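**Q** Letter by letter, the chains look like this.
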Amino acid sequence: MRRWILMLSIVVLAGCSESQQEAGFAGLAGVAENDAEVPFLQPGPGDRLIFPDDFGPHPQHRIEWWYLTANLRTEEGEPLGLQWTQFRQAITPRPADAEPPEAADWPLEAAWMAHAAVSFDARHYFAEKLARGDVGHAGAQAQPLAVWLDDWQLEATSESESWRLQVAADGWSYDLSLSINGKPVAHGDNGFSAKSADGEGSMYFSLVDLHIEGTVTLGNETLEVAGKGWFDREWSSQFLKSGQQGWDWFALHLESGDKLMAFQLREEDGGFRSGTWIPEDGEPVALQPSQLRIRPEEPDARGFPRLWRLEVPDYGVSLEISAPPGNYLNDGLYPYWESPVTVAGSHSGEGYMELTGYGDRTLSAYSTAVAPIRWMLRSAPLNSSSSVRRSPEMALITP
Amino acid sequence: MTLLAALFSHYRRHPLQLLALAAMIVLATMLWTGVHHLTSQARASLDQSESAVAERQQIARQDGKPLTVEDFVELRRAGLCVMPWWEVPSRQGGRVVGIDPLAAGCFESPDSEEAPWQGELDGRPFIDISEAAKLAGKNEGGLTLLISDPHIDGALPEGYRLAPFRVGPDTGELGDSFLLNLDALGVLVLLITALLVRSVYLLGMAQRRDSFALLHRFGVPQARINRLLVVEILLLALLCIVPGIWLGRWLATGLGSGFGRALEGLFDQPLYAGQGGNWLVPLATMLTVVLVACLADFLRPWARAFAGSSRRSGGLVVLVLIAGLALSAWVTDLLWLFIAVALVFVAAGILAPRLIAWLADWRSGHDRNLQARWRHREVSVLARRLALPLVALQFAMAMVLPVQALVTTFESTFDRWLAQRLEADYYIEVPESADATLAVDWLAEQPELAASGLWHRVIRGRATLPGNGDEAGTEVDVFAIGPVGPLVTDWQLLESASRPWQRLQQGQGVMVNEQLARRQNVQVGQSLEVTLGSGSFEFPVLATYPDYGRPAGEILIHPSVLPEDFATGFQSLSVSPGNLDVEEVTGGLKRVWQVDELTVRDNRAIEELATAIFDQTFLLTRAMTTLTLILAAIALLMMGWVFFSTRAWYFRLLVVWGLSVRQASAQLIRLSVSLTAAITLLALPLGIWLTWVLVHRINPIAFGWSLPMAVYPRFWLELGVLSLLIGLSIGLLMMRQLKSPTVAPVNANALAGGER
Amino acid sequence: MVDSLLSARGLNKQFRSGNEPVPVLRGLSLDLERGQSLALTGRSGSGKSTLLNILCGLEKPDSGGVQVLGETFDARSTEAESKSERRWGTLRRQQIGVVFQEANLMPALSLLDNVRFRARLAGQSEDGCQDWLERLGIGELADRYPDQVSGGQRQRAALAMVFAMKPALILADEPTGSLDRHTAEAVIGQLFELQARQGCGLILATHDPELAARCSQHLDLGHVPQS
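Chains A, B and C supply the protein sequences, listed in that same order. 4 is the number of the first residue of the first sequence in my numbering; add one for each residue after it. 3 is the number of the first residue of the second sequence in my numbering; add one for each residue after it. 199 is the number of the first residue of the third sequence in my numbering; add one for each residue after it.
Take every hint as true, because none was put in to throw you off.
Straight-line alpha carbon distances no greater than 25 Å define the calculated DSS-like cross-link-like pairs of lysine-lysine that follow:
| no. | chain 1 | residue 1 | chain 2 | residue 2 |
| --- | --- | --- | --- | --- |
| 1 | C | K258 | B | K741 |
| 2 | C | K281 | C | K258 |
| 3 | B | K136 | B | K67 |
| 4 | B | K592 | B | K136 |
| 5 | A | K186 | A | K231 |
| 6 | B | K741 | C | K281 |
No wet-lab data here; the hints were simulated from the structure. Quick caveat, the model's predicted, so the values are computed rather than measured.
Same shape as in the complex, but just chain A (with noise of 0.2 Å):
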């Protein structure tokens, strides 16, 4: 499986080497030309954001994902953190109003991945699968919502502002109903969030007070969970740029009633930082890269930092950042950090840290080169050609 996987990501590298040429929104005008020669478009300054379509899929983008991260508590009031997250990764873009490929002839045009955890009592549950696209048994609508891989799925249902969301795992599983309060919040330019100096970046927005109820099965014990979800939309056709060596992303639920989210992308020198301060009250702030201080402390054995400080000095944050004791790795094609946080100082709170590009020499490498899990299925620096090759397997998988 493994290999297929990777051979997949040659497929995918060598699409990136076509791409390099086509930018934003000026590969579009090439569309209605040939079929065969559709690009990938290229998210941009200017985007904006459409709603209800956007929660739908882009099929037209290399890169998407939809992403809920939960921080509940059971009825005797210990904490539950929760994970559901469905990426797609296109091989073969194509325009949103074009029509899928049959399913009958098994299409590779794209290809599913879902992320399931639960984080409970220190111990960390965490489930992957795998599918096709435009065969039919993993998909994503926006109208009415549904994000689907076999029996997992995130579906509206019929009460306005409300969706369901279940999971089954091989001996635990998850069935929630999440209620959605607050308008979208769009990161970065009217939703387009930068993830580089140079302008790179996706587009991304987030609904950061969701409500959710259930229940989390696990082994034969079933738990009553309610709390605060936050649940992030974000699309996009490039991948990490060369010598960005991982990622470190935190989403807040601060008991002031402000929220926050804040990431950088690591480099030798620093790195991108970027952000956006959502109060209570009034309109949601993005962040510039000078007004965020985001310090790890010592990283623990496995080589992530589990104890972090967090500063937005223009609005007064000063935060210590923890994860709670326990292994939080997904460790799954992709490994990396997922894990609930609870947040103490200038204010306190709870929330999700999500982490890559760390541990020990071979993961460090594999995040670095390829894994940073926002920002990719799987991916490479973009720029790096050594590693844009063409091998012969793929000619099998693409003729």
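Start from chain A and add chains B and C according to the hints.
**A** Frame of chain A, contents of chains B and C only:
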């Protein structure tokens, strides 16, 4: 000087003997390790591929309709781990399996070994299912859905049921048969090497007996000497086995690549590289063999049986031989059959030298010619003194014989079959857009082709034979040929009704391949129910034809019988243009079809490729048996030389008595050649018997089918020439000794060559 | 020299021990007539066996010549080796009987078959072979094999073989060297008796001075002036 040093001083005096013993152990280890390594590797990959699909269950619709992608989606969305498995004919011929590696993600092997489809999807035989979909074209059906959990019956959605899934039982059997034969050879190699090591060791021991007696007289207890001898051989064995194993693995790797390709080519079984067997098994095996071979006398006096020659035991051995032969003919159990083979070999090994000696003595008593009488008596002495290496040579020849017979039979059968299948010079793919009937009309109008009849159209697709009760129907390949002409009517048929080809041409029946006939127990003359497209038909079976190289069942039919809605998987035209230029044919077809390009394949090239792949299969078998034979020959040569040296004085008496060196040498050559000829003659019946056991007993008991048995007297002749060469070599080595003066033996004991 | 059976002149032979040449025979000459016997004595290594081998053609001298039974051999001769070998072979087969200290019989043949084998090689009839064994007192052992009889009986059989070929010359290299004194006496007695009766020549290499004294000539290789 320590005791050990004193004991070892023998080898300081005779370094060549030590070298010979060491070389024998190294070579024996190399040979057996190589064989063992390859067989275990091949077995592992076969097991792996088989276990991966062996106990699988597939899902079938309760309404009996073929499965589609919608069924897959429905089942996956219901939370079932199912995976598509789509067998389609490949463009290269044969079949490939389309799978979805992403969907296979939930198919974790319990032992964490990789499933066969988890490698690269390189078409051997797995390809991505989107590729398979392209190959299948508009052809519905053939899609199988495997389910990971075979006990999920209750949880199946409405409208579906479980059915057993088999890739095709013949694949495993063909591979198993091949491996079983290799195993049997491996055991024989082990036996032969044990004999060789023992013979060289005993030679040294005999020469050291005086030293042991001396040490004993000096007050060293016999037990201590024995212990030291054990230590000595243990050290020597360890020193020699390790490089032997290394060499064996080197041999295996060298041959392995070819072997792997052969397995793949023949049985659709990928041979995975890098499954490095362990060192322990060969080390322990060879150590045991060497120790037992060398020290058997300490352990069990009966081990001397080979060398001993009491008349009473002779009768017993004959009884053992008869018992073994009787067992081999009657038992129906594989284990007993192997016991029977072992009995026969042991008895034959003990009897052969005695028989030669007895015959020589008998002839000596009846020959008026005194020189001949002397020679016969000498042969008798040689047969008894060189019993071990002689028996080793006999076994090696007896092993080579069936291997050669099996390989040749298989090859000639395969070659003939291949030649029949690729009778036409060219085959031309019908493009997807093109109408084959236009081409058929055009070809029929060409006067040259009409006269020769050397062309036909081929349609490939799938059909279903109805299953029994709960079982899913059996999918078979459809091979439609028309017009039935001289390109096919020469095919060798295993069994046929009268006028099979005419009736096939008239659409009055079908032919089935051997695999289908055996698996479904289809007899010529009975009628076969076949689902073609949406219709169900019943045809009389006109003939069974041989079909090698793949396990699939197949029916041969005339295209006119195919219904309108038959889904054509693949179409081509086979043409032998004769005097017509192939360019004219392709040019004409391009015009008819209005296409620019045609895929034209030269069948001779395909045939050469297939033959090359097939040759590779038996490279290992041939190499192994040849090496064993060479080893046995070298051992006999060495032993013969040593023995002759002890007897050189007496041979020189011939010169003293007035024979010229040349005349005396001629006597010696006749002597050694008689000996090797005799053992070759005795190896023949043993070898033929072994062939018979392999073909008619082991294969049917183990697998339920058998190859035709044939013997190849020309090969016997080759063996005869080989034995002549060995005899000549021994004689020539002896001539050298005749020329130099030798020291008279001081007494007439066995060591001085004075035995009779 | 009409009656001369054997005549050797100026025989030289040396062996090599390592790189050192070790002279064994230096210019040795001897003559033997029909019916005569010659004793060769000398310590071990003095060249007795070498001389006997040269006199029957099993070895070649470095120089010198041998005339035996009318055939002439010379170390300087340009005659092809195979031709001289053939002449020597004919002589040994028909006229020169050789007896060694031990192992004169083919181990795989019975005593009688050994005698017959030798007689046939010499072109003699097999008929008298049993008689020869009888004469030498081992007639009842005719069907025994060499390893089934004593050393003395084996040497008697060896004598029977030699006499059965009706030789003109007998070369005996310590024929009783491995026998006890009593047996040796008996065997040697028979040898002299039969030699005298058949009138053939005998050259006997021996350590035993008493035995040497019974021969008509005596050549001590330890003391013989060899130039």
